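Let the sequences and hints guide you as you build the complete structure.
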Amino acid sequence: MSSTPTRETARLRALESYRLLDTPRESDFDEIAEAAAELCDAPIGVVNLIGDGRQFFKAEVGLGVRETPLESSFCRQALLQEDFLYVQDAARDPRFIGNPLVVGDPGLRFYAGALLKTPDGHPLGTVCVLDTKPHELTERQRKGLLRLARQTMAQMELRRSLREQAEQRLLHERILDSATDYAIIATDARGHVTRWNAGAENVLGWSEAEMLGHAAAVFFTPEDRAEGRPETEMALALQNGSAPDERWHLRKDGSRFWASGELMPLKSDGGAIIGFLKILRDRTEQRATDAALQASEMRYRSLVEVSPQVVWFGDPEGNVTYCNAYWYDYTGLPSGVTGEASWMSAIHPDYRETTRQAWLAAATSGQSYEIEFPLRRADGEYRWFLSRAKPIHDPDGTLRSWIGTSLDIHERKVAERRFKALTELAPAIIWFGTPDGGVSYLNDRWFAYTGQTPEQALPTGWAEVIHPDDLDGLLSVWDEARAREIVYDTEARLRRYDGHYRWYLIRAEPMRDAGGAITGWLGSNTDIHDRRQVEEDLRKAREQLRLAVEATGTGIFDYDLVADVLEWDLRTRAFFGLGPDAPVNLEIYLARLHPDDRARADEAVQAALDPAGNGIYDITYRTLTPEDGVERWVSAKGQTLLEGGRPVRLIGTARDVTESRKAEQILRETEERYRLASRATNDAIWDWSLATNHLLWNEALQTAHGYVPDAVEPTGDWWIAHIHPDDRARVDASIHAVIDGTGLVWSNEYRFQRADGSYASILDRGYVIRDGNGRAIRMIGAMLDITARKRAEEHQRLLTGELQHRVKNTLALVQAIASQTLRGATDVDSMREAFSSRLISLGRAHDILTASSWTEAPIQEVVDGALAVHRGVAPHRIRARGPNVPLAAKPALSLALALHELATNATKYGALANESGAVDLCWHVVHADGIARFCLTWSEQGGPPILSPPTRRGFGSRLIERSFAAEVGGQVLLTYAPTGLVCHLEAPLAAMQDHRDGAAA
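Number 771 in our numbering belongs to position 778 of the sequence shown; there are no gaps in the numbering.
The set of hints was computed from the structure by calculation and includes no laboratory data.
One or more hints might be untrue.
Computed spacing ranges between beta-carbons, pair by pair [as the list claims (entries may be wrong)]:
1) D589 with A781: 49 to 55 Å
2) R790 with I762: 37 to 43 Å
3) G546 with Q449: 33 to 39 Å
4) R723 with D589: 29 to 35 Å
5) Q526 with G546: 28 to 34 Å
Quick caveat, the model's predicted, so the values are computed rather than measured.
Beta carbons are placed, not taken as given, at the ideal position from N, Cα and C, and that holds for glycine.
See below:
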C-alpha cells in the first residue's frame, strides 16, 4: 500500500511527458475514436487520458464533452485491469452500484476499454466505447480495440519523439547563440567554416555570412599562419582528440587579442571525420590583470614583511604557502617552513583540532575564515590571536588563493574574560551591539532565558525572540539610536524558552574610541514583566474605575480624618450645588443636606467612624441647594479605613438617584394602578416566560374562575390543558404561529375550564416581547371573561327573532282589535276612543316586556301597566294583590289586554262607572294533583247593579277569551252577579311562564 502513491506519481509523470492534457482535438485521434465506435457498433467512442483527479477526452464521438470527474468514471476501473475492461451491463455489475452515470443521466450500461500503456507499463488512459444499453463484445471487437489502443500509443510516442528532437535542436541553437563570450566555430575537414555563432561574431568581428565557406585560418596571426599553426592544431586534434592552445589572434579590424582555445574533431556515427569544432575565448584582460597582479603581489609582499602582525598566504587547496617574518620571529620556527605540521604545532593543543577543522571547512567551501586560539610564543608563553582569511577569486569566480592575518588580541581576551565574569554575575541580560545593528555578544542569561544557541542568536537571530507586535517599534528605536548616536531605550516582550513572553526594559549606551567614533553598544535587558503587570493592572483598574464613574454618573468623596480634610470631585460637588473652587468640609456637607435628613446622615457618618462597627457608610439622603432651592436625592456608599484600631480615612462614592427615586415612585403608583385596575376589570392577567415555560397569574384567576393558587401549576402547559378540547389545537397553533413568527400581538377566543368544571367563554389577548435578535422571550396577556357577552349575543339573536315574531303578532292583534272595534261601534267617536284605549293598553304591555328584554315580566308590573289609566287619581278603587309571579311574554300580553278590557267595561258600565264602586283583583298559585295552576279573579262591587246578564257578547268578552284562553290554553269564566261582574281566569302555571313561546312562534 505504501508504494501506491509512488506508482501514481510515476504514472502522472509519464502522462505529463506526452503533453496531451488540455490540448485541442486532432484528426488522428478523432479517427481512432470513430473507428472504435464503428467497430463495436456503439454510439460513444472515446480516447481518454486519466490525470490527477480528472479524465480528459483527447477524442470523443457521441459524448459532447472534453472532461468529466474521475470519481464516477468507468475508466478509473479500467486502470485497475491488466489490459482490458469489459462491462456488459453496468446495472448488474457490483462495481458500479449507485454510480451516477448508471443510475442517472445518461444511464450508461455498456463499457469496453483497452488500456493505453507506456513501454514502462504505466497506464495512461483508454480507448473505449460506451452505450446506454447492454452489449455483447465479440473477440474480434476486443482485439480491434486493443489494436486501436496500440496505434494510439504509437501516435503519442511519435509526437513525443518529434517534440523532444525539436526541443533538443532548439536547445543546442540557444546554447550556441547564448555563449556570447565564447567564439564557437565549426569547420569541415579542410578547415573551412560551416557554423559561426554569435559569440564568434562578438569576439572576432566577422559575421557568419562573411565567414561561411572561408578558411578559419584568417583569425590566426600572419606569423602563425606562416608556421602552419592552423594545420598543426588540426593534426594534434586528430591525434590526441583535442588541441588546446593559448596565443595571440587577429580580429576583423586587424587588432590583436590574447585568446585561449581548444580544437576538437567532429565525427559521424560511423567514426568518420567530418570536421572540427573550435572554441575560443578572449583572455586579453585577464592576461593583463595577471601581470598587474604579479607586480602588485611583489609590492604587497614587501609590505607584509614589515607588518606588525602575522600575514600568510595559502593556495586554493588550503595549503599555507607563505608566512611573513613576524610569524617566524614570534614562534621561533625555522624560516620558510609553512607545512601544516609546523604551524599547527604552535597552536595550543586544546585548540588545534578546532582550528584545523575550521580552516578545512573554509578552504572547502570557499567562505571566509575566522577563529581565535592561543598561539605559543618562542619563550613558551601562549597569547591569544585572532586569525582571519579571505579567498581571492579570479573575475570568473575561480578561487586562486587565500590571504590571512593573525592579530595579537591577548589583552582584549583578558579584558573580555573579566567582563564576562562580571556579566555572568549581573542579574540582567548583557549584550554588545555592533555599529551595523548586529549583536556580537550575549551573556548566558540570554541563552538560558530564550533557549537559543549562540549560533541562532548572533548576530541578528536575537530578533526572532521579540514579540511580533513589538519588533517593528524596537527596530525603529534601535535604528534611530544608532543614527543619532544616542542612548537606546525601549521596552519589548521577549519569548521565553517555553513560549511565554515577558516584558523587558532594553537599554544600551554607545561606546566610542579615542576619536569619538562609535565602536559598539553596551546594552542590558532587565525583566520588568511583574512591574508592567502591576502597572497594567493598576491602569486597567483606574480605567475601569473611570469608566464606571463616567457610566454610572458616580462622584467620589475622600475624608482624611487625621487632617480633617474632606475632598469631593466635580460630580460630588455638583450634587451639593457647589462650584469647583468652593470650600468643602463636614459643616458644609451637613448644612446642604435636607433638614429632614440631616440628623440621620450625621448618625450614619458617626456609625461608619465607630471602630467597633464594620466601617460601612451607606445612606440615601436629599441635598438642598440654598441658592436655587433644587432638591436632589443622593445615594452615598463608603468604607472607613482603620490604622491601629483608629479611623483615619473615609472614602466612597456618591450617585445622583433623583431620577431613579422618581421612577420608583412612578413605578409604585403604576403598580398600584395596575393592581387596582386588574382587580376592577376582573381580568385574569398572565405573564409567560417562553424560555422557562413559567407562567404567572394575578389573583383574578381565583376571583373569576375559582382556582386557588395551590391548584394552579405555573406553566404554559397547565393553561393549554384547561382550554376546551375542541378549542385547544386551534389556540395552541395560533399562539405559536405568533411566537415563532415576527408578530407582536395575539388574540383569540376559546372556552376555559373553571375550577367547578364549567367552561367560561374567554377573549384572550397577548403581547410578545422579543430580544435583539427577534427571538420571542416573554409574553404578557389578559383573559377577559366574555361569557355574559356571549350569552347576550345569543339572547340578542333570539330577541331579534322574537321581535320579528312579536311585530307580526302585534300587527295581527292590532288588526283584530281594529276589526272588532269597528264591527261593534255605533259612531266614530266611540270607535276612536275604544280603539285608542285598547292600543294604549297594548303599548303598555309591550313596554313592560321590552323592559325585560321580551323574556318575562313580573305580574305586578303587568297589572300596574294595564290599570294605570283606569286607576287615575283614586288608585284605592282598584285593589290588586297576589304573589309577584313572573310571566312569559305571550301570557303577559294576553293578561294585560284582558285586564284592560275588564277595566274599560268597569269604567263604562261597572264598578268604576260611579264614585263609590271598587274592583278587587287577586291572584294566586294553586297546587293540585302535582300540577301548579295560576288563578286570577276580577271582582266588582258598589257599581250599578246588574239586573240581568247581557244578551249579546261584546268585543271585550271575545278579546278576553281570544287573548287569554286561546293564547295560553286557559279558562275564562264571566259571572254577571247583581253586585257586579266577576271574571275568573285560570291556566297552568307552566303555560304562563313558558319562555319557549317566542321561539315556537
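For each hint, the structure was consulted:
Distance hint check for D589 and A781: the Cβ-Cβ separation is about 52 Å, which falls inside the suggested range of 49 to 55 Å. For R790 paired with I762, a C-beta distance near 39 Å keeps the hint of 37 to 43 Å intact. Taken as a hint, the range 33 to 39 Å is violated for the pair G546 and Q449, whose Cβ atoms sit roughly 56 Å apart. At about 60 Å, the beta-carbon gap between R723 and D589 misses the expected band of 29 to 35 Å.
As the Cβ distance of Q526 to G546 is approximately 31 Å, the hint placing it in 28 to 34 Å holds.
Hint compliance for this structure: hints 3 and 4 are not met, and every other hint is.
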